[in-house]
Structure formats: C-alpha cells, structure tokens
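Enquirer: Heads up: the sequence lines are chains A and B, in that order. The working numbering puts the first residue of the first sequence at 1, with every later residue one more than the last. The working numbering puts the first residue of the second sequence at 1, with every later residue one more than the last.
For the record, the hints were derived by calculation from the structure and aren't laboratory data. Each hint should be verified, as a subset may be incorrect.
To be verified - Residues on chain A that point at chain B, a partial pick, calculated with CB under 10 Å:
no., residue
1, Leu77
2, Pro133
3, Pro168
4, Ser172
To be verified - Label-pair restraints from in silico Cβ distances:
no., chain 1, residue 1, chain 2, residue 2, range
5, B, Leu185, A, Ala53, 30 to 36 Å
6, A, Ala29, B, Ala189, 36 to 42 Å
7, A, Asp155, B, Ala95, 16 to 22 Å
8, B, Gly109, A, Arg311, 44 to 50 Å
C-beta: ideal position from N, C-alpha, C; glycine also.
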Amino acid sequence: MTMPLLEVAHLRKLYPLGPPPGLAARLAARAGRPPAPRPVLHAVDDVSFTIGAGESLGLVGESGCGKSTLVAMLCRLSDPSAGTIRFDGRAIADIPARRFARDPDRARIQMVFQDPSDSLNPRHTGFDAIAEPLRRLLGMRSGAVLAARVAETADRVGLPQALLGRLPHQLSGGQKARINIARAIAVEPRLLVLDEPTAALDVSVQAVILQLLDRLRRDLGLSYLFVSHDLNVVRLLCDRVMVMYLGKVMELGPAEDVFHHPRHPYTQALVSAIPGAAAGRIRLSGEPRSPVDPDPRTCRFFGRCPIGTARCAREAPPLVDSGGHLTACHFPGPPEAPASVA
Amino acid sequence: MTSTFARHLVYVLRDNPVTVVAFGLFLVLVVLGLFGPLLAPYDPLATQAALALQPPNASHWFGTDHLGRDVLSRVIVAARLDLLISVCAVTLSFALGSSLGAVAGFYGGIADRVIGRVADTIMAFPLFVLAMGIVAALGNTVENIVYATAIINLPFYARVARAEVAIRRQAGFVDAARLAGNGELRLLALHIFPNTLPPMMVQVSLNMGWAILNAAGLSFIGLGVRPPTPEWGIMVAEGATYIISGEWWLALFPGAALMLAVFCFNLLGDGLRDLIDPRKRT
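One chain only, chain B, in its complex shape (with noise of 0.2 Å):
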C-alpha cells in the first residue's frame, strides 16, 4: 500500500514540475515550523541595543531591528505560529464547513435553506472587517484568531461540499449503496463524501494561503498576536515604519517569507487534487 502510494507520488510530481516547486516549499515550511526554534542562529527575543538596524551581513544575514533582534532566527521561528494559526484554522472551517455543506446537499429542503442562508450571511459582509469584529470582539489572542479565521471561511466549504454533494447523489454508486445495506448517514459519510475530497483538496490548500495572510493581516493592524512574539505580520507591520529611512530588510524578509508561504499553498492545490485522486492513478 506505501509503496503504491509512493509510485502514485512519484507520478504526480513528475507529471507537474510546478508541483514539485509547491512541494518542496512547503517541505521547507514544515521543518521551519517543526524546527524553527533549533534552526534559528540567535534567540528570536534577545535584544541588543548596540547592533540596532544593521543591515544584512554575514553574521546576520537578515539584519537586525530597531531592538538589536536577529531578522533572520525572528523570521524562521514565527513560521511555527503563522503555520500553526493557519492549519488550525483550516482544519477548523474544513471540518464544520463541509459537513454542513455535505448535509445541505445531501438531505436539500429546509436544511439545504438554512444553511444556504447562513453561509450567505457570513459573505454578505467584507470578511476580513468580519474578522477584525470577531477578534476585537472576543479577545486578542491567538485562538480567536484561530476562530475568526475558521468563521470567515466557513462559507467556501460549505458551498463546495453542497455542490460536490448535490451532483452526486443521484449517481449510480450511491444507489448501489443503498442495496448493499448502507443507511442514508453511511452513504453520505462512506461513499458520497469520499468522492468529494479532491476539489475540496484545492479549495483548502488555497485557503491555507489565505488563512495565513489573514492571521497576518490581523497582526498587522494590532489584533491578535501581541508584539514581542515573532510573528510575520507584526514584523511587516514594525518594518513598515522604517521603510522611509532606509531600513527595507525589517519588512521585507518577513513580507516575502508571507508571500513565499501563500505561493507555496496557491500552487499546492493541484498537486493535493491529483494525488488524492483515484483517477489519476494508473
């Protein structure tokens, strides 16, 4: 079973080399958020007056900030959070997001409208303000981020998971299903929902870019993480400021490492969606 799993990898990645590039990034952001703390050359905290805003060298390839910190060993420590909040709060959404989704497209009728509406409710105002209401309004810490975020993007998934659902639920295999024995919560759950997973695979690998920019966004305007933990959109949002006098490394490092980290889930997509499905496989 490894094995073919292994062969089926081998033949998505070659098929795709962009895959290859999603990833080996996100392999890279992994171990960075596993290891960060041990990869890191200095503490992410430790501040040190005398070396303030040096720019890149070779002792800190990233420069300093304003507090004397290594960007470097701040950038690569804050990817643990960043991914954290992120897998959180996709997982999160994904899981109440499509079960719902699945249930209005599998039952229809007044379960189907209610849902439907709610999902609507929550995209009718601009997500992210809903998002800074949520967060504002629940407490500044890093769970409510995690919830703010699972909330705003409750609605993608449930209204995948309601279309892949709804079409399938007259195919042949449900009804087959049926006679082998299976009850209506079986079929969903066993055999429909299943079948659902590979478009759902591109819709969460782009919301995890998503998500991420999001968690920063937040940061960046003051809600959610609090400054002296490294975190990327506090670092952009403390750099930001310094960009008029010369001091570009404070918000650009930690702004690419965003967009790299985007990047790498945008493109991840695809390669999720052909390696999880069996049609692809040969």
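The shape of chain A in the complex, shown without the other chains (with noise of 0.2 Å):
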C-alpha cells in the first residue's frame, strides 16, 4: 500500500482551565509544595487516522466533540498538545502554527470554512481574495498571470467573472461559498478541509454546492476532510467515514459500511436519526459526559449509551481494527446489524 497523504496518530489538544498559578502559587511551588492540578479540558484525546490521495474523509459528530479544534491542527491554524501529524510524509506538528503561514506546505493544505460571510474579508473584493493565496503562496506578482489564474479559479468553481470585482455584501450566500472554495483551490492544495462548507447556505444553494465540490475532487485529484452534521452529505460525498464523540474516535470505517452497519451505539443512534431511516429511532438520554478532567478508564459514551454496563465504567474500550472498520466498542453491533437504510 503506498503512503497515505495525511497520517495524523495521537492527535491531542488539552485547554487548562481557570486562571493560570499566581505569583504565589509559583512561590509556593518554589519552596516545594506543588499547587492543585489545573482542570484540563480534553477537546481532541488521542486520535489517529490517514487521509490517503484522493480519499475523501468524513467526519461526523455533534457540536462540541472536537471537529472545529481538530481542523483547526490538521490546517495548522492551532498547534496540538501532543502527537504527530505528517503530511505528504513530512512531520508537521512540530512547526509552530505562527510560521507555518511561511511553510512550503501552507499552499498545499487549504481550507474551506462554514460561514461564507465570515470569512471573506469585508473590504477585498471576490478579486483580492482569491488573488491573495495566489501573490503570498505562490509568489505570482505579474499582473496579468494572476489576473488569468484568477479568472480560470473563477471559472472552475462557477463564479462568474463580471462578480469578481464585488465586495462580499454586494454577493449572494452561494457567490460567498464559491469564492470561498475558488480561494482554497488556486494554489493547487493537495488536501482540503471542509469545515460544515454547506451548513450556512439555503437548501437549494447546498445541493449545487456538493456537487460542485465533488466533481473538483474528481477533476483536481484532492483529498478531502469533510466536517459535517448532515450524515446523508457524507455518504455521498466520502469514501471513509469518522466518527466523533467527546473528543475521540468511536467509529471509523468505509462510508456505506458504517453506514449500513454501524457497529457502535453511538453512531447507531446517529444513522437511525437520518430522516427516512428504515430502523426505528435509537432515542439517547441523558447528557454527555463532562469534558473536563474525563476519567481515562471509563468509555466516553458511558451514561448515554443504551447497551452500557458496569464493564464500560471500568474499563475505556480501544479502538478496535475489523476488516479496515474500526470501532471502539466493547459491544460492537452485528456486522448484519438490522438498521438498514433506505
């Protein structure tokens, strides 16, 4: 098997919480007397996974499991507590994320972001936005070859050229996106992030969308991290599919394998929750487990999960390899898991 693109293992990102030790907690500390522990907030715990050239990668779970903080390391907008990420073969977790704005690899991985207003620059036109990646990553300073470049990246993702002198408020939601993504795909990256690329955009506006962003995968050859809460987008749209929760991994596999027969309680509960679905609705109770301070020996599902027992309070189950699904149970589903979707 070649090398995957993206081999991300360990992933960690952990926020202390409350204020940092005063002066006289570190005097304190000085003479000997090491003050209480910060609590620490697991917002991404120990995941690993590969993005293979091409692949497009899903990654499914609700708000606050820790997809926006694992982006954010994956494109070097933020920096990991711990673990490794190589890109293309090359460590890059180690590159602080205030010098990777200069790195070689900065062009390479790109990034498209949920809110299409938010994220265009309130006074660059659709122009200067796309032009921007191109003079800073790719050292284009020739007028007309950057114009030319421009209006090619305009036309691939559909943006006609008369709106590439408009300001973000003369645009429409879908003209937003689109600069958005043409943005994103000028300087040529290998692998693209999809934050929720759709998740702010009118339902008919949505569906043009993915099919743009699925046929530039074809035709440029990337490979795609799809963040999304819409778990019918990932199906069509990705080869593999991940699945968060809490800040780890709880299921990761082929796309119409997980979906098909999910092996873990959590993502079972997510696919009967697809309108539509043939299996009748899997209803969790109770909230989630705190991710402050999460005790390492006990499953991150515990408390909501429907088939837990005292064996998942003691005892975290690892992620588990199966025939290429993995799942981090310690009672996975049936392979012929009856929740078929229709």
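Put the complex together from the two separate chains, hints included.
Expert: In structure tokens form, the structure reads like this:
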C-alpha cells in the first residue's frame, strides 16, 4: 500500500481551565508545595487516522465533540498538545502555527470555512480574496498572469467573472461560498479541509455547492476531510467516515459499511436519526459526560449509551480494527445489523 | 476607481442632508485654512489706534479690536493655526493610539495589560489640567500644544482600536488570511486594522472638534499661542474683558468660529464613517 497523504497519530488538544497560577502559587511551588492541578478540558483526545491521496474522509459528530479543534490543528491554525501529523511524509505538527504561514506546505493544505460571509474580508473584492493566496503562497506578482489564474479559478467554481469586482456584501451566500472554494483551490492544494461548507447555505444552494465539490475533487485529484452534521451528505461525498464523540474516535470505516452496518451504539443512534431511516429511531437519554478531566478508565459514551454495562465504567474500550472498520466499543453491534438505511 | 468613489460620495451625501451641511462647513474651513491670508481684507496684525473698538460696519464687518485690528481678518487668518494644531494633534494621537490599541487587542496578555493601564492612568487625570501641565512643563510653544493635545487624546484611540481589533481577531476572514500565507503582523495591519477604520473615523472627527477646543482653551488661559498671533482662543480671551463695557463683537465672532468648527467636526463623523465603510457601498 502506498503512503497516505495525511497521517495523524495520537493527536491531542488539551485546554487547562481556570486562571494560570498566580505569583503566590508559583512561589509555593518553588518552595516544594506543588499547587493543586488545574482542571484540563480534553477537546481532542488521542485521535489517529489517515487520509490517502485522492481520498475523501467524512468527519461527523455532535457540537462540541472536537471536530473544529481537530480541523484547526490539521490546518495548522493551532498547535496540538501532543501527537504527530505527517503530511506527505513530513512531520508538520511541531512547526508552530505562527510560522506555518511561510511554510512550503501552507499552499498544499487549504480549508473552506463554515460561514462564507464571516470568512471573507469585508473590504476585499472577490478578486482580492482569490488573488491573495496566489500572491503570498505561489509568489505570483505579474498582474496579467495573476488575473488569468484568478479568472480560470473562478470559471472552475462556476463564479461569473463579472462578480469578481464585487465586495462580499454585494454577493449572495452561494456566490460567497464559491469565492471561498475558489480561494482554497487556487493554489492547487493536495488536501482540502471542508468545515461544514454548506451549513450556512439554503437547501437549494447546498445541493449545487456539494455537486461542485464532488466534481472538483475528481477533476483535481484532491483529498478531502469533510466535516458535517449532515450524514446523508457525508455518505454521498465520502469514501470513509470517522465518528467522533467527546474528543475521541468512536467508529471509523468505509462510508457504506458504517451507514448500513454501524457497530458503535452512538453511530447506530446517529444513523437511526437520518430522516427516512428504516430502523426505529434510537433516542439517547441523558447528558454527555464532562470533557473536563474525564476518567481515562471510563468509556466517553457511558451514561448515554443504551447498552452500557459496569465494564464500560471500569475499562475504556480501545479502537479495535476489524477488516478496516474500527470501533471503540466492548459490545460492537453485529456486522449484519438490521439498521439498514432506505 | 475615482468615479466609483465620486458616485459613492454623492450617494452618502444624498442619504444624509446633515452630512452635506457638515461637508460644506468643512470645505469652508479648509479653504480658510489654505488661503486665509489671501482672503483676509486687512492685515490681521496692523494696528490703527484711531479705529479702535469700532462696532461691526460696512468696512469692518466684524468690527475692530482695542488696537484697531480688523476682527474679520483675524478670525479668517486664525483658522489655519487652529486647524493645523488640531489636525497635527489628532493625526499624532490616531497613529500612536490606534497602533498601541491594535497591538493590545490582537496580542492580549501582557501587552494588553500594560497599554490598558497606561491609558487608564492618563484618563485618571482631569484631561485639560493634564494638558496645561504638559504645556507648562515643556514650554509655551505651538508644538507643545500639539503634543499635549495628542497625549490627552491617546487613550480614546487606544480603547476604540483595542475593542474593534479584539472583536475581529477571531473572525473567519482572519483565519482565511492565515491560510493565504499572511504572518501575524500582516494579519493585523492589512486585514484587521482596515476593518476598524469606520468606527475609528467617528472618533477622529469628534476628537478633531475637541482638539480645537482644547487648543483654544489653552490659549485662552495664556498657555501656548502668544498674543499678537491671531488665534480664536486668544481672541475670545482678549474680547471677554470688553463684553462688560458693551463691545460684544470682540469675543462673539471668534467664539462663533470656534463653535462652528467644533459643530462641523461633530457632524462630519457619521458621514466619514459611511464614506469609508464598504458595506455602505452599493
């Protein structure tokens, strides 16, 4: 098997909570009395996965499960607390996010943000937005070459050239989404991270943008990491799916396999919630566990899990591979589960 | 580009008639400031003892002062000095205050705390008294009035800039600019700061009126500009002693000029913001 494009291993992002130790606490620590440890929020906890060249990986999970934190680390907008990221064989997790702007790999990992309005500078025209990464990352200075490249990219995403001179507030949501996509693909990245690229759009526009994204991936041979709430979208666009819950990977496997034969009870509940699902809806009760100082011996899903037992509280289930379909559960559902999707 | 700006200007002016008045007044002030000495009917410094304290008449529209100098000419010529002082002071405090505030808002942490406390310290003084103290300590010159006015206005710019930068620091377009290969300093200077300009312009304009008042106030109490020089504050101070004896025109006309200038800058703020805000463009 060839080397994957992106290889993430044991990635962690921890946020210490509360005020940093004051002067008194630091003096006490020096005197040999260590202060009480600060509570730590585990936003992303020991996440490992790979994305192959040209592959599309879907990432699903509820709000607050660490999707956005994970994505920010992969795009090198924030620094991981621990773990490694290998991009095309090169370790990039140790390069500080501050310095990554001038890194040669900056152009090869690009991202499309969730809110197309918020992610465009209100003072920059569509042309400026698409031209800036070309200028900064590819060193295109010449006006004519730059203009040609911007026009070509606009064509690729189906943005009329007449709109390039407009400011963001003069454009519709779909047009802004196209500019955001154009800006990201203009520098010909290898990996495109899409953070719920259609969540802020009308349903009719969503479909068009999703078709565009699917076509671009095949035309340009891009790898996608596709973050979404919409399971149907992930199923249509992605080769594999990763399900996260409270900072941990619960299930990871081929898209069709995960949707038709979900093994983890959390995934089963998610799949059953898709409108039109054949099986009866599994309703989860209770609140998620706290992500602050979680007990490493307890399964993160314990408490909401419909099949959780005393063992799940004593012993956190590891992510176990079974024929390319990974599940972190002591009692994975049968591969021939009845939860088939219409 | 010029034509779009012109069209935008017309649009902003039509949208708000008050702005038209403010821009008109501003234009008058600028013309007086640039060409004042050419427009003045008399030499503002020429004394004519025979014509002292004449009320407004056909040859001296604003009357004459106790030395027989033409008040109209003095009011017109004074515009340059007063505008110069306030423009320089506002430019200085805008440049310094907004960069400090932007750094505080963007980087936070220790920079934010130090800059914030310095601004608080300045604001803890009665500002006019602080300005008096600065001019008294540094010496009685026009430059020192500019510095004093700039220093007392600094905290306002620092605060507005800090707040406006801090709310945009987490905006999506900032992360997008990071992905486009911008370092932190470029992000702040080229992406975040320009977006804070519309609210800053309101501050600049309000401050301009304030700076004029401040400079005139300093001259009024005898600090800064020295007597023979025509300046609105001195003229009001000199004229004030004559109000009791009925020579009202000495203080009224420079006072009115001062008031109109402050009024104009206060109204100008909203218009300037609309002009510089891309979202107002259609």
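Enquirer: Does each hint hold? Answer for all of them.
Expert: For each hint, the structure was consulted:
1. Leu77: Nearest chain B Cβ about 6 Å off; hint holds.
2. Pro133: 4 Å, holds
3. Pro168: 8 Å, holds
4. Ser172: At 15 Å from the nearest chain B Cβ, Ser172(A) fails the 10 Å test, so the hint is violated.
5. Leu185(B) to Ala53(A): 30 to 36 Å: Hint holds: Cβ distance 35 Å, inside 30 to 36 Å.
6. Ala29(A) to Ala189(B): 36 to 42 Å: The hint (36 to 42 Å, Cβ to Cβ) holds, given that Ala29(A) and Ala189(B) are roughly 39 Å apart.
7. Asp155(A) to Ala95(B): 16 to 22 Å: 43 Å, violated
8. Gly109(B) to Arg311(A): 44 to 50 Å: Once the Cβ atoms are compared, 46 Å apart, the range 44 to 50 Å for Arg311(A) and Gly109(B) holds.
Of the hints listed earlier, those the structure fails to meet are numbers 4 and 7, in rising order.
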